[in-house]
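Student: Everything in the sequence shown is counted per my numbering, starting at 7 for the first residue and increasing by one.
The hints are simulated quantities; they were obtained by calculation from the structure and are not laboratory data.
The C-beta atom is built at its ideal place from N, Cα and C for all residues, glycine as well.
Treat the hints loosely; a few may be bogus.
[Stated by the list, open to error] Per label pair, the in silico range of CB-to-CB distance:
(1) Ser160 <-> Asp38: 31 to 39 angstroms
(2) Leu264 <-> Pro107: 28 to 36 angstroms
(3) Gly137 <-> Arg251: 26 to 34 angstroms
(4) Arg165 <-> Pro109: 44 to 52 angstroms
(5) Val42 <-> Pro107: 22 to 30 angstroms
(6) Val237 <-> Val42: 33 to 41 angstroms
[Said to hold, decoys possible] The calculated DSS-like cross-link candidates involving lysine-lysine, where the alpha carbons are at most 30 angstroms apart (straight line), are:
(7) Lys242 <-> Lys175
(8) Lys175 <-> Lys86
(9) Lys134 <-> Lys86
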Amino acid sequence: MTAVRASDAPYAFDNDEPTASDLLGALAATLDEFTVRRLREAGVREGARCLEVGAGAGTIAVWLAEQVGPTGRVIATDLKPQHVQAHPHLTVLRHDVVTEPLPEGPFDVIHARAVLQHLPQRREVLAKLAGALAPGGVLIVEEIEAGWSRAVLSTPDPRAFEIFAEYEKALTRVLVASGNDQTWNRLKHAAMLDLGLERVDTQGWQGSFEGGTGACLLAYAGSTELNDRLVEAGMKAEDLLAMRRLALDPRLVLRGILLLSTTGHRP
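Work out the full structure, taking the sequences as your base and the hints as a guide.
Tutor: Structure (structure tokens):
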């Protein structure tokens, strides 16, 4: 996932914030297992040419670099790529996928997670990515729907249901104000078909996480970074504090955020 301030681009989060490393790490801990499964199914192999868009923490970019080996190449891009770790088979670029040409391709695999849903030009960017595929190449676009109001599976505090529901309302207001499209996750399948991609397939993942892990840490880090904006959007400051306490309590269990992973192949 990539995240930058809305004044620079339409993202609610910022990779320069002190919370960014925790937030991106929590996303990786929550979603990487399924993303790796989808990449394996897509046929990532030694020697492949890969593009990772909005690399965020860089965990998927590094995984790709390990798979393609010295005969392949992986390019990871982000507006603020400072969290991506170095790897001998990985090139990291500071790059704006909306305004700048893509790195020179073509690519066998292109992956973007939690990026296009934030971009008003998402359909144009999708077309740009599809056009950069080599014949037979695969585009994997993954987006998330948090669903915090339905996330609580077990809690030591019965108010958790109400608090997480209020968090979802406030967070949705912040995200939409920053340009996030709450419907895109379900529209991208048809958008890939419209571009002529073949064998388009969508699968979902959520999982469950105890306090102090995965999705719970995501709620903790995200609500910390956006605290003031969430209060402006209508959430009580004391409820945000209560939610963060719960997020670290191992007695809390949350259903993970929904990740819809859509793949499409260039003929």
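Student: Each hint needs a verdict: does it hold in this structure or not?
Tutor: Status of each hint after checking the structure:
1. Ser160 <-> Asp38: 31 to 39 angstroms: 24 angstroms, violated
2. Leu264 <-> Pro107: 28 to 36 angstroms: 32 angstroms, holds
3. Gly137 <-> Arg251: 26 to 34 angstroms: 48 angstroms, violated
4. Arg165 <-> Pro109: 44 to 52 angstroms: Holds - the Cβ-Cβ distance for Arg165 and Pro109, about 48 angstroms, lies within 44 to 52 angstroms.
5. Val42 <-> Pro107: 22 to 30 angstroms: 29 angstroms, holds
6. Val237 <-> Val42: 33 to 41 angstroms: For Val42 against Val237, whose Cβ atoms are near 37 angstroms apart, the range 33 to 41 angstroms holds.
7. Lys242 <-> Lys175: Given that 30 angstroms is the threshold and the Cα spacing comes to 12 angstroms, the pair holds.
8. Lys175 <-> Lys86: 28 angstroms, holds
9. Lys134 <-> Lys86: 21 angstroms, holds
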